[in-house]
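J.: Guided by the hints, dock chain L onto chain B, whose structure is given.
2 protein chains.
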Amino acid sequence: MIKNLGANGNYKYANRGMTLESDIEITNNFYLINDKAVIYKKPTPITISKVNYPSRLEAVIKEGYFRTPSTTDYNGVYRGKYIDFEAKETKSHTSFPLNNIHSHQINHLKMIHKHGGIGFLIVRFTTLNKTYLLQYEKFEEFLKQNTRKSIPLSYFDEVGYIIKDKYNPRVDYLSIIDKIYFGGKL
Amino acid sequence: MIKNLGANGNYKYANRGMTLESDIEITNNFYLINDKAVIYKKPTPITISKVNYPSRLEAVIKEGYFRTPSTTDYNGVYRGKYIDFEAKETKSHTSFPLNNIHSHQINHLKMIHKHGGIGFLIVRFTTLNKTYLLQYEKFEEFLKQNTRKSIPLSYFDEVGYIIKDKYNPRVDYLSIIDKIYFGGKL
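If you read the sequences in order, they're chains B and L.
Heads up: the first sequence is residues 28 to 213, going by the numbering used here.
Heads up: the second sequence is residues 28 to 213, going by the numbering used here.
Bound conformation, chain B alone (with noise of 0.2 Å):
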């Protein structure tokens, strides 16, 4: 659901209160309205354990527990390859803490590299109210040659990618991809 529309339907730039998660669905909604890519959020996975029927077309669930999630939050298409990511927050002015970033969404993105989609974080440091792009391939080579809990800004800086705050859309991670991939100019 897109929240925080204006009375013409468009987004308030105003409102610098979104979320990451918000800003990304705005900005996929708009991938799609404008014929760019079609992108998704999935949905959350839950196990449901207990449900009503009040009547013979009403489901409501009156117990379920959150799962946690095998893959990462987002995929779908875009100029035809396969596109798969994370987006994450955090507070931190100086470091992205893995504990973020679970091991089996590292290794979904390992094997989506591996099967030759693009996979890579989005990540916000709200404080600094800077957002970055950072490539699967890079996040790898930082694991494997750092023991460290953390992702200093600094490797964000070196080896990611700014994704420039814009009105519309919001977070214009394609702009990168085109970059990176498809040999587009930032």
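Because the hints were derived from the structure by calculation, they are not lab data.
Don't take every hint at face value.
Copies of the same chain are indistinguishable here, so a pair counts whether it falls within one copy or spans any two.
Simulated crosslink set (BS3-like; lysine-lysine; CA at most 27 Å straight-line) [said to hold, decoys possible]:
id, residue 1, residue 2
1, Lys-141, Lys-206
2, Lys-89, Lys-193
3, Lys-141, Lys-68
4, Lys-141, Lys-176
5, Lys-176, Lys-206
6, Lys-115, Lys-68
7, Lys-115, Lys-77
8, Lys-137, Lys-63
9, Lys-63, Lys-118
10, Lys-63, Lys-171
11, Lys-137, Lys-89
12, Lys-89, Lys-63
13, Lys-165, Lys-63
14, Lys-206, Lys-171
15, Lys-137, Lys-68
16, Lys-137, Lys-77
17, Lys-193, Lys-137
18, Lys-77, Lys-165
19, Lys-157, Lys-171
20, Lys-141, Lys-63
21, Lys-69, Lys-141
T.: Using the frame of chain B, we list chain L on its own:
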């Protein structure tokens, strides 16, 4: 979750009561383990309206509702290509009722096709024990040329592909994808 596993962890071939959904789950798991493809079923979309926290680490959903999905159930990557499909069973002997597929799922497949992904349906006629793969292109062709509310079995025989019943992987739809898109043999 994989159900109906034998003592050795293998799927019990004898069990004919398996649904198409669980057969595909076993198949996707086989593809994943054998490093052939990364394809997952998306979680069922749910709107959660009430959550209890019996402890700091535990969350229990106490009220939720099923949402109509905007996309198909399955997607992933195979040989660098984006794969997207919907799987449905019918008890009919003669045709596949189109009310099994939501209009936004059809539209989703259309978009996938447009953006260079591989989209299709897997349809099982349970009483005939026949499972077909129908490319999105052929599905669209049918919808354009017909006002019928169901696709006759003969159309599947004519332009679809039978997915042969195998031991492992159970519903080997990627062998058909190989044939159609990568010049493989059936």
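J.: Does each hint hold? Answer for all of them.
T.: Evaluated hints:
1. Lys-141 - Lys-206: Both, since 21 Å and 22 Å are each at most 27 Å.
2. Lys-89 - Lys-193: neither (41 Å within a copy, 39 Å between copies)
3. Lys-141 - Lys-68: both (22 Å within a copy, 20 Å between copies)
4. Lys-141 - Lys-176: within (25 Å within a copy, 42 Å between copies)
5. Lys-176 - Lys-206: neither (30 Å within a copy, 46 Å between copies)
6. Lys-115 - Lys-68: both (13 Å within a copy, 23 Å between copies)
7. Lys-115 - Lys-77: between (31 Å within a copy, 25 Å between copies)
8. Lys-137 - Lys-63: Both. Shortest intra-copy (26 Å) and inter-copy (13 Å) distances satisfy the 27 Å Cα cut-off.
9. Lys-63 - Lys-118: Close neither inside one copy (31 Å) nor across copies (39 Å); limit 27 Å.
10. Lys-63 - Lys-171: between (35 Å within a copy, 25 Å between copies)
11. Lys-137 - Lys-89: Neither. Shortest intra-copy (37 Å) and inter-copy (36 Å) distances fail the 27 Å Cα cut-off.
12. Lys-89 - Lys-63: For Lys-89 and Lys-63, the Cα distance exceeds 27 Å both inside one copy (39 Å) and across copies (39 Å).
13. Lys-165 - Lys-63: So Lys-165 and Lys-63 pass the 27 Å test inside a copy (26 Å) and across (24 Å) alike.
14. Lys-206 - Lys-171: within (26 Å within a copy, 38 Å between copies)
15. Lys-137 - Lys-68: The answer is both: 19 Å in one copy and 19 Å across copies each meet 27 Å.
16. Lys-137 - Lys-77: Close neither inside one copy (36 Å) nor across copies (36 Å); limit 27 Å.
17. Lys-193 - Lys-137: neither (30 Å within a copy, 29 Å between copies)
18. Lys-77 - Lys-165: This pair counts as neither: shortest intra-copy Cα distance 43 Å, inter-copy 40 Å.
19. Lys-157 - Lys-171: within (25 Å within a copy, 48 Å between copies)
20. Lys-141 - Lys-63: both (25 Å within a copy, 10 Å between copies)
21. Lys-69 - Lys-141: Both: 21 Å inside a chain and 21 Å across chains, each within 27 Å.
Comparing the model with each earlier hint shows violations of hints 2, 5, 9, 11, 12, 16, 17, 18; every other hint is respected.
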